[in-house]
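Following the hints, put chain A in place on chain G, whose structure we already have.
Those protein sequences? They're chains G and A, same order as listed.
Okay, so the first sequence: first residue is 18 according to my numbering, each after it adds one.
Okay, so the second sequence: first residue is 54 according to my numbering, each after it adds one.
It should be emphasised that the hints constitute simulated quantities derived from the structure, not laboratory data.
Misleading hints may appear alongside valid ones.
What the hints assert, rightly or not - Below, simulated DSSO-like cross-link-like pairs (lysine-lysine); rule was C-alpha separation at most 30 Å, straight line:
1. A:Lys365 <-> A:Lys63
2. A:Lys313 <-> G:Lys355
3. G:Lys105 <-> A:Lys313
4. A:Lys380 <-> G:Lys253
5. A:Lys471 <-> A:Lys442
6. A:Lys63 <-> G:Lys396
7. G:Lys105 <-> A:Lys442
8. G:Lys105 <-> A:Lys380
9. A:Lys411 <-> G:Lys105
10. G:Lys396 <-> G:Lys102
11. G:Lys102 <-> G:Lys253
12. G:Lys400 <-> G:Lys285
13. A:Lys411 <-> G:Lys342
14. G:Lys105 <-> G:Lys182
15. G:Lys112 <-> A:Lys313
16. A:Lys63 <-> G:Lys112
17. A:Lys63 <-> A:Lys126
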Amino acid sequence: MSTISYSDKIPNNVNLSEDRTLQRALEQWQPNYLAWWDDMGPDGSQNFDVYLRTAVSVDPQGWAQFGHVKMPDYRWGIFLNPGEKDRKIHFGDHKGEDAWQDVPGEYRANLRRIIVTQGDTEPASVEQQRHLGLTCPSQYDLRNLFQVNVEEGRHLWAMVYLLHKYFGRDGREEGEALLERRSGNQDNPRILQAFNEQTPDWLSFFMFTYFTDRDGKFQLCALAESSFDPLARTTKFMLTEEAHHMFVGESGISRVIQRTCAAMNELKTDDPKKLREAGVIDLPTLQRYLNFHFSVTIDLFGADESSNAATFYSTGLKGRYEEGKRVDDHQLRGQTYKVLQAVGGKLVEREVPMLNALNEVLRDDYIADSRAGVERWNKVIEKAGIPFRLKTPHKAFHRSIGALSGVKVSPEGQVVSEAEWNAKVDDWLPSGSDRAFVASLMGRVVEPGQFANWIAPPVMGINRQPVDFEYIRFG
Amino acid sequence: MDMADAAVIKQHLIDPEICIRCNTCEATCPVQAITHDSRNYVVDADKCNFCMACIPPCPTGSIDNWRTLPRIKAYGLAEQLGWDELPAELSPEQMAESGVAADAMPVAEPAAASASASATTGSEAAFNSAQYNATLPPWSAAHAYVNLYGPKAAEKSVTATVTGNVRVTEVGREYDTHHVVLDFGTMPFPVLEGQSIGIVPPGTDAGGRPHHARQYSIASPRNGERPGYNNLSLTIKRVLEDHQGQPVRGVASNYMCDLKVGDTVQVIGPFGTTFLMPNHPKSHLVMICTGTGSAPMRAMTEWRRRLRQSGKFEGGKLMLFFGARTKEELPYFGPLQNLPKDFIDINFAFSRTQGQPKRYVQHTMAERAADLAALLADPNACFYVCGLKAMEEGVVATLRDIARGAGMDWDTVGATLKREGRLHLETY
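The shape of chain G in the complex, shown without the other chains:
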């Protein structure tokens, strides 16, 4: 029995019933949203009861309600973390002043841009992942995919709420445009390039949820510090949901590694050819996928020197990761930070004003966090007694944004010639044949408790349910 009530059209904790303007805006937007979901949401998933986690309120007990739900009936809605009375701005030029409950006129354009950019990533990832249900390695994984999808959908709602509530007609137009852009569409693509890449197979999906959704964590953490209080509260709540997405990625890759290592030990080989014949993904291929997703994701943090980043920080729109935990002046004037640059065939560090390097600061925080997770994957390999280590490539590897874009750098951080890059690129990034091989493994497995050959079962089920639980009831 589901514990979820569908009585409200738009569940919320923002007093929607008394805000006629907002109601009208959202009621108009909602059918378009559902039409978008029908067109671009998970392919062929309309009539399943899926065991989903749904938020019914923002307290710890309320936002993790589990029950079987048909996805289009998911309780899309608007939830903000409770406000903190007398919250003060804690960084930038306005430090010490009251946090803004409304948008200051002079920052309107920048705030709208930040919200639209964040909002655009949410439907984009649903679009990128829409065909994956057809090749899921298990019912457990299919459920996780759907959970990720509905929460991305709800995050879109969160951003659209802010646009409608605080940005008037402009906001409504931006809300519409979020439903009109399409991931990968040449004429009307998503704003950030990583969200126009394909997510063609489950290995890519796991890498995406590990690396790219982790970017989401860092961006949301930075926005959760914002002086614009509604944005801070919205993103704080989104973070609690984002956690599951990273879980899907980290545990997904971990299970792929576990299965591969088991096959390596069974067959007593590390020959990729033999392993591929055995139907598992060899570790060097995993490393190439890792290289690709890591490098594409760190581009998402933007240029290493950015006056926009400085402005966003100084004006209090976007803080640093864990701003509240840092012990400095929270204004950063006169401080510097080291960024990389290629000079004369070598990578050199260069001091730039800290305020202009905030994208780099966030990127470095992200890199440290990502590496820690990769080390945990290495533990799985180590446990199997196999002398192989996955590692994140150098920060300058395969970059398309900032001072490092266009420079050819090996995963180890050596600047290389165009010729050398071309000769080695297939060792460093997934080749066409790698992708074809991975695609060949993707067959649909949906019997409860059954798993595709290339991935190990999880340690435990969702919400402590058994692994062979009927996570999805078909038809």
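Just chain A now, kept in the frame of chain G:
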């Protein structure tokens, strides 16, 4: 071994093999018991109050792990941060080695009411209330050693090593409060609850003179923050503005809050011969403090708790009146609530809880007038007040009103409290 060490706890742990470091638990925990490094997320057994708020939001289930073990073997933060996998449950033999039966029931975590006390002693100002402040300790107080280290002692200072420094108030608040543990190694440093020590910050002031020592109340009981170790704890609030609200950067408090484990500090003291607790079994404690003045109350409460657990101490009431702006600003709020109700009678007053009228400690004291009147009349009851200077007058005036309300002559009661070493004020 101290019997208190044999207590069994159920320790909350996070499975490092499953945890994905998404930070949800740390963000959810209302008492900041969860922390992390680049490797693991871990739960501080001293802070976790088993409120379970972290359990449902965890996407992995890694948060829901528990180990029953003797308190003395509780896994510390550093240990947990180094784990690749969870340790197994202790075997009955291992439990027995620590002096506890394998089937012993876990008890609640230790008392911990605290906050910093950058106490500058000697608060004999022009307050009427101060005239009732005792200049003698209660008759059954233990003998205190003082000034073992300092300008007039043979040793000018003693070196202590920081063995713990954790933040105990909500992150993102204007102020942070740290729980700092200092270890004296093999150097003698005997202390009693209610005493304070001095910290000498390194460096010099604007005039080129060495910094003055700053005094802090000790927040741990006489046998150590960890029983049987030569250590003690302080609870220190970072000072960023003075009492008038002017921006100022507290020299010692910032120095202390920024210390890392392994750093050493220069200590003088101990100080204090009067703000000491009675030791006779029938003695009652009434402790009245605001946010930052609760360190000595934590020490006294914990000593009584250890005595009670050892079975060596039969009774005596503990009443605590604890005020703060909000419960979020009250460090160790959770552990305090876990103390058995028949052990301590806790009365909180929050002055800035959203949507509720301001409540100060005096209000809660007035509500408990009947109980307090009986204790004012009981020669076995001692009263302790610690916190901001501004609270002192109101608190003592409330005691006066309660006495009068019960038909007692305050002049007699107040004079007796002072003469018998039963009322102690330490405000700053």
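Is Lys411 (chain A) close enough to Lys342 (chain G), meaning Cα to Cα at most 30 Å? Given pair Lys411 (chain A), Lys342 (chain G) holds - Cα atoms ~29 Å apart, limit 30 Å.
Please work out if Lys313 (chain A) and Lys355 (chain G) have their alpha carbons no farther apart than 30 Å. 25 Å, holds
With the threshold set at 30 Å, check whether the alpha-carbon distance from Lys105 (chain G) to Lys380 (chain A) stays at or below it. 18 Å, holds
**Item:** Hint consistency between Lys102 (chain G) and Lys253 (chain G) [alpha-carbon to alpha-carbon, up to 30 Å]
**Value:** 16 Å, holds
| Is the hinted pair Lys365 (chain A) and Lys63 (chain A) satisfied, with a Cα-Cα distance of at most 30 Å? | Distance ~24 Å between Lys365 (chain A) and Lys63 (chain A) Cα, so the pair holds.
Taking only the CA atoms, is the gap from Lys471 (chain A) to Lys442 (chain A) under or equal to 30 Å?
-> Between Lys471 (chain A) and Lys442 (chain A) the Cα gap is close to 19 Å, so the pair holds against 30 Å.
Query raised in the report: Does Lys105 (chain G) pair with Lys313 (chain A) here, judged by a C-alpha cut-off of 30 Å?
Result: 29 Å, holds
### Satisfaction of hint between Lys396 (chain G) and Lys63 (chain A), Cα-Cα up to 30 Å
With Cα atoms ~28 Å apart, Lys63 (chain A) and Lys396 (chain G) stay inside 30 Å; holds.
Sort out whether Lys102 (chain G) lies within 30 Å of Lys396 (chain G), counting only the CA atoms. 45 Å, violated
- Item | Hinted pair Lys112 (chain G) and Lys313 (chain A), Cα distance within 30 Å | Roughly 28 Å between the alpha carbons, so the hint for Lys112 (chain G) and Lys313 (chain A) holds.
Taking only the CA atoms, is the gap from Lys380 (chain A) to Lys253 (chain G) under or equal to 30 Å? Holds, because 21 Å separates the two Cα atoms, which is no more than 30 Å.
field: Pair hint Lys63 (chain A) and Lys112 (chain G), alpha-carbon separation not exceeding 30 Å
entry: 43 Å, violated
The structure fails to meet hints 10 and 16 from the earlier list, while all remaining hints are met.
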